[in-house]
Structure formats: C-alpha cells, structure tokens
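S.K.: Below are the chains, spelled out letter by letter.
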Amino acid sequence: MTEPVIEVQELKRHFLSGTGALSTKRRVIEALKGVSFRVFKGELFGYLGPNEAGKTTTVKILTTLLAPSSGTAKVLGLDVFSQARAIRRRINFVFGGERGLYFRLSGWDNLRYFADLYFVPPAIQKKRIPFLLELVGLSTRAQDKVETYSRGMCQRLHIARGLINDPEVLFLDEPTIGLDPLAAFELRQVIKGIVKEGKTVFLTTHYMKEAEELCDRIAIINDGQIVALDTPSNLKQYARLMPVISSLWKE
Amino acid sequence: MSERHLAKIRAIPEVQAATLDDVGMSQVLKVQSSRGSELIQPLMALLQDVRFGGVKVREPTLEDAYIQLVGGKA
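Respectively, the protein sequence lines represent chains A and B.
Using numbering that gives the first Met the number 0, the first residue of the first sequence is number 0, and each one after it goes up by one.
Using numbering that gives the first Met the number 0, the first residue of the second sequence is number 0, and each one after it goes up by one.
So that you can see chain A by itself, here it is in the shape it has in the complex (with noise of 0.2 Å):
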C-alpha cells in the first residue's frame, strides 16, 4: 500500500447559515477546519467522528458533489474541483439508508439501469451484474421486485450499484446505519469481499466494533479536524488501562 489514491491537504469548507426568513444575520459554520490525510491502493480507511463532526462533508467533496473552501483534495491524482467528470468515471458511493433504488424494478433491473447510466457496454453488463449479485447475496432474489426486500437487502443492493462502474475506489458513509445485527455482519462480509477484491475503500461510519473489524486505519475526527489518525491497534493505546476492582463489599 505505497500508492496514494486519496490526498487531502489542508482541506476547510464553510457553509453560510441563516437565521429566520427575514433575517440578515448570517454566521459561517465551519465544516472542516483544515483536514490532511492520505489514503493508500487497496486500503480500507475508516473516517470516525460525531454528528456533525465532518465526515459527510469530506464524503461530498471527495466524491466530488461538493466543492471545496480551501484547501486541496486529489482522487487518483486527479483534483476533485477542477477534473470532477474524470474522477466520477472512477469512484462510486453508497450511502446509507433505503433511497437512490427503483422500488418498482427488480435487483437485477436496477443494476441495469444504473450500469446503463455509466455507460457499462452490455456485454460487461451481462458478465458483472450476475457477478455483483452474487457478490452481495442478492443472487436467488434478483428477479424480485426490491419493493419485497429487507433493508438489508436494499443496502447490500446499494453496495452492488456502487460497484457497478467497476470504481477505483468505493465510498461508504455509514453503510450499516439502521441494520439489524446480522444484516450488518452480512454487509460487513461483503465489504471485506471488496477489499479482497483490490479496491480502496472509504469507510464512515458510527460503529467501533465495525470499524475495528475492518479498517486498516482509522482517522478521527471531531469538530472539523482530525484528532487521531492511525491503525486501530495503536488507536487503542489513546485511552488508558483500565483495571476494575469490582464487588467491593459495602462497610
């Protein structure tokens, strides 16, 4: 893992808040605050942090659907504001939660149907599709109406779609949000396929256990900068031991 597919340096981003209809008082909320890292070839990088800590926003802006403030962020040497179109060629991303599928449309159709939307030759179609059902356990239901899935299902759907250009690199934000316990192992097995696979990965999400279980490194950030950036291992030596004397009689 020497090659470097995603570069952030110094990377802020500010949004402009309004209050009230009428009002003209404006304040700045400040996303990012100036966030560096790099994330290597064939890498499963977890990105941890609280509600509004900031990691939706480097989602968007790595995924290029947001632009930057200041800063610089590169996908595959490519930079995510000036050379956006060349970069959506090469990544895809799932987002948690149910929307972004045609419930009316079976798995099979709704892979169709965004295959077609990334210009994938029917010949590769007929190849891949099978393949990433397979991949996601969707295989003996890919004729069913996705109005009949569980969620679960749906997100592992989600994970087929977000394959279905073949990207470079897949990003994830939260992922298992809303899944039960074992609809998340199942998805965090297919995760693991993927990195078997070759591909770089870029993992939100809330859950430590997940995100111990599958990443190779984790960075962490809280209120717009990244306070820890290492591998889950090391991570754990930030806190302190813990012996626990318990059962004490009361006196």
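No more than 30 Å apart at the CA atoms, straight line, and that leaves these computed lysine-lysine pairs for DSBU-like: (1) Lys29(B) with Lys235(A); (2) Lys208(A) with Lys55(B); (3) Lys29(B) with Lys208(A); (4) Lys55(B) with Lys235(A).
I should point out that these hints are in silico values taken from the structure, not numbers from a laboratory.
Put chain B on the given structure of chain A with help from the hints.
M.R.: Below, chain B alone, put in the same frame as chain A:
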C-alpha cells in the same frame, strides 16, 4: 470502602482516574492507569482492610479511545 481509600488510590502517580459506584449491595471501583495489571498489587496493599469479591483488568477498546479523543469521559 470510603472516600479516604479513594483519595489514596487517586494519589498514586500513574492513576489517571478512579471512581466508586454503588451497584446493589456492593460497590464497584474503577481505576484507570497506564500500568494496567501491574497496578493490582499496590491497590491490594491500599485496600487491605476492605473485603472485595474480584478483580479484573480490561484492555482499552477502540470505543474507549474514541470517547477520550472526541472529548468525553472514558
């Protein structure tokens, strides 16, 4: 166990934090220290006059580190 014991434990240089909670008919003492299990012996020496049911050492988890890093109490 009394506040006097707790004060003595907190005075050990490598102890970062010590708390005492009532749980039913017993109390639970939690001590955070970079010395880990090496701290058990000096703790035992300080608690000679206290009856206790058990001791366990828990390694830090990623969640402990996370809570500490984002500003909460571990």
